[in-house]
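With chain G's structure known, arrange chain C on it following the hints.
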Amino acid sequence: MDSLERLMFLESAVLYTAAFFIGLGYVWIGRKPPTWLLWPVLWGAFVLQSIALWNRGLAIGSCPIGNPFEILQFVVWSLMIIYGIVGSVFRRSLLGFFTAGMAAGLSVFSVLYPALDAPGERLFGGDSRVEAHAALAIFSYGSFGLLALTSAMYLLQNFSLKRKRFEGFFRLLPSIFELERVNGRLLGAGSLMFSIAMLFGASAWLEPDLQVPVRKLFFALTAWFGYVVVWVLRSRQILLAGRLAWACLMLFFWSMATLVPVEQSRVAHPENPVDSQHVP
Amino acid sequence: MTTIVKFSETTGQPPVILLGTSHRATTIEQRERLALSPLALEALRCALKNSSAIAESFVLQTCNRFEITVIGRHGDPSPVVRELLLLHHNISPEELNQLFFEKRGSAVLSHLMEVCSGLDSQLIGETEIHGQMKEAYQRAQEFGSLGPCLHRILQKSFQAAKWIRTHTGVGYGMVSLGNVAVDLAQRIFGEEQLRSLRVLVVGSGQVGRDTARAFAARGSRHPIVLTSRDPLKAAALAGEIAGETRPFACWPQTLHTFDCVIFCTAAPTALMEAGPVTAAMRQRPARPLFLLDLAVPRDVAPEAGELDNVFLFTFADLAEHANRNRKGRHSEVEGARQALAEKAANLWKSLQSRNLQAADMRHSG
Numbered sequence: 003m004d005s006l007e008r009l010m011f012l013e014s015a016v017l018y019t020a021a022f023f024i025g026l027g028y029v030w031i032g033r034k035p036p037t038w039l040l041w042p043v044l045w046g047a048f049v050l051q052s053i054a055l056w057n058r059g060l061a062i063g064s065c066p067i068g069n070p071f072e073i074l075q076f077v078v079w080s081l082m083i084i085y086g087i088v089g090s091v092f093r094r095s096l097l098g099f100f101t102a103g104m105a106a107g108l109s110v111f112s113v114l115y116p117a118l119d120a121p122g123e124r125l126f127g128g129d130s131r132v133e134a135h136a137a138l139a140i141f142s143y144g145s146f147g148l149l150a151l152t153s154a155m156y157l158l159q160n161f162s163l164k165r166k167r168f169e170g171f172f173r174l175l176p177s178i179f180e181l182e183r184v185n186g187r188l189l190g191a192g193s194l195m196f197s198i199a200m201l202f203g204a205s206a207w208l209e210p211d212l213q214v215p216v217r218k219l220f221f222a223l224t225a226w227f228g229y230v231v232v233w234v235l236r237s238r239q240i241l242l243a244g245r246l247a248w249a250c251l252m253l254f255f256w257s258m259a260t261l262v263p264v265e266q267s268r269v270a271h272p273e274n275p276v277d278s279q280h281v282p
Numbered sequence: 002m003t004t005i006v007k008f009s010e011t012t013g014q015p016p017v018i019l020l021g022t023s024h025r026a027t028t029i030e031q032r033e034r035l036a037l038s039p040l041a042l043e044a045l046r047c048a049l050k051n052s053s054a055i056a057e058s059f060v061l062q063t064c065n066r067f068e069i070t071v072i073g074r075h076g077d078p079s080p081v082v083r084e085l086l087l088l089h090h091n092i093s094p095e096e097l098n099q100l101f102f103e104k105r106g107s108a109v110l111s112h113l114m115e116v117c118s119g120l121d122s123q124l125i126g127e128t129e130i131h132g133q134m135k136e137a138y139q140r141a142q143e144f145g146s147l148g149p150c151l152h153r154i155l156q157k158s159f160q161a162a163k164w165i166r167t168h169t170g171v172g173y174g175m176v177s178l179g180n181v182a183v184d185l186a187q188r189i190f191g192e193e194q195l196r197s198l199r200v201l202v203v204g205s206g207q208v209g210r211d212t213a214r215a216f217a218a219r220g221s222r223h224p225i226v227l228t229s230r231d232p233l234k235a236a237a238l239a240g241e242i243a244g245e246t247r248p249f250a251c252w253p254q255t256l257h258t259f260d261c262v263i264f265c266t267a268a269p270t271a272l273m274e275a276g277p278v279t280a281a282m283r284q285r286p287a288r289p290l291f292l293l294d295l296a297v298p299r300d301v302a303p304e305a306g307e308l309d310n311v312f313l314f315t316f317a318d319l320a321e322h323a324n325r326n327r328k329g330r331h332s333e334v335e336g337a338r339q340a341l342a343e344k345a346a347n348l349w350k351s352l353q354s355r356n357l358q359a360a361d362m363r364h365s366g
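Heads up: the sequence lines are chains G and C, in that order. Take 3 as the starting number for the first sequence in the numbering used here and just add one per residue. Take 2 as the starting number for the second sequence in the numbering used here and just add one per residue.
Quick caveat, the hints were computed from the structure, so don't treat them as lab data. Even for Gly, the Cβ is constructed at its ideal location relative to N, Cα and C. Some hints could be false.
Reference listing, derived: stretches of chain G covered by chain C, where coverage requires no fewer than 3 residues with Cβ under 8 Å from a Cβ of chain C [to be verified]:
(1) 163-171
(2) 174-183
(3) 192-206
The shape of chain G in the complex, shown without the other chains:
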């Protein structure tokens, strides 16, 4: 990573963190963070991150999702894109603050651990199908990241209404009905993208010369299967409301946890250049 690119990733992480603390300050005093203050910082971070990712892509000649650092950055970038689309629904809510929090957490974590971006084999060699699979899968994680946030907001609003706590922070949350509806849409969109990603991946995995470690395949398939099952159950109106929110939250944590075996496999099998199962 050249110094300018690294600086941009760092600045972007700092701006995401600043956006989070601006939001936190306002929430602390029981007010909604003003858009005119929060958005320039948040979208400024996004622009810097986009430029840095673009540069990284040009430098490596492919989509910048070749190691855990890039994956985390790409997840944050996807999260912001999805927030840009969905956020307009929640104009008067705290979604921007929550998004800033998650973006700050993931990007700061990624820049604080240089090992995540250590030189080594790229995860997704040069096969276009595998790269498409990975890019789509990680983009779906942006959707799932936002889903985790809206699920957390659902649980908080549910808690506030059930326990009759209407003060400060809670009154800034979107309605239960809106959150449930957006959760369904994010889950559907994310699961669809993830499923298409798996189709791309499967077309590559069927090739005999490609060896996919079973452990990583297991982690990737469980995450995909989990989301699809939850999506189906939600569509059939079996898993709804609070239980749906908990399921989405846990699935996202599980998906993030799968980054660990991804990195372990990359270190353990540097000779295996094409490894489409490494998507978290």
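Using the frame of chain G, we list chain C on its own:
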């Protein structure tokens, strides 16, 4: 026949006492247990009127309070009133001491003024209690249990309440329960959905009617449906808010078709257990159900509120929410209390100096 009220020989004070209970000292379950049916209330009024120890009496029963104010004929009337309370509420003396408070002399006057002004209400500054006290006053007059002493005290309380409303900021920024209910509906369904809600009002209680009006004022796309044991009352409100009426027996079967159900009946026991709500939610699992139980005793079993996607709020929840919404009211309330204390002290002096005769309203025949 008239009887002279014997004022205390040492202090010259009229023997006025108040025994009561309110939301301040009791839980909703306790208030439900203490609430008297209309028949039992009449029986208590009769017993008070017929007691030889009591010259005048005034009974006030609302959702959140039960109070008896009496003027004794021959000294302290407290033991007689306590005995009647034990009998009519079917409680033990220990419970009576625990749940009821007693006020005497000028404290009774201050208390009645505060109650009438809404300062002692669960929703501080509300004006509904003023109307409820006036209704109780009229009822007592018709019944013949008031005399010159209580009449004067109550009239002064009404005047004090009016003064508080016009001369202090207690009522400023007053959030009505109806608006609080609409605010909660917004937090459950969102602003966009608010006009599309299907609202059912079960019963014809005043608070429920005010809440229905608040929903109607938001311009609901669907007519508000009203159902009551008294079809005339339901029809009257329906006419006022361009709603529809349905027979009282039908509403439980159609519960799943409504998003918001407001309960405000005078039923002595719960109308809606958790079971029917569960059954309704099976037919609308993805859509939240907002249950607003404004009745005391409650119309909805509390267990219903624990169901997924069901949000149950009681009168007390709404009052608490409304009170919190009003910032900076504390100093106004304290100022109003002081003003009422002065008025009560003046009235007390006036009562002492006049050495009023209380009329014995018992009919000789």
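Tested hints:
1. 163-171: As far as the stretch 163-171 of chain G goes, the hint holds, because 5 residues have Cβ atoms under 8 Å from chain C.
2. 174-183: holds (count 7)
3. 192-206: Three-residue rule not met by the stretch 192-206 of chain G, so violated; n is 0.
When the structure is compared with the earlier hints, a violation turns up for hint 3 alone.
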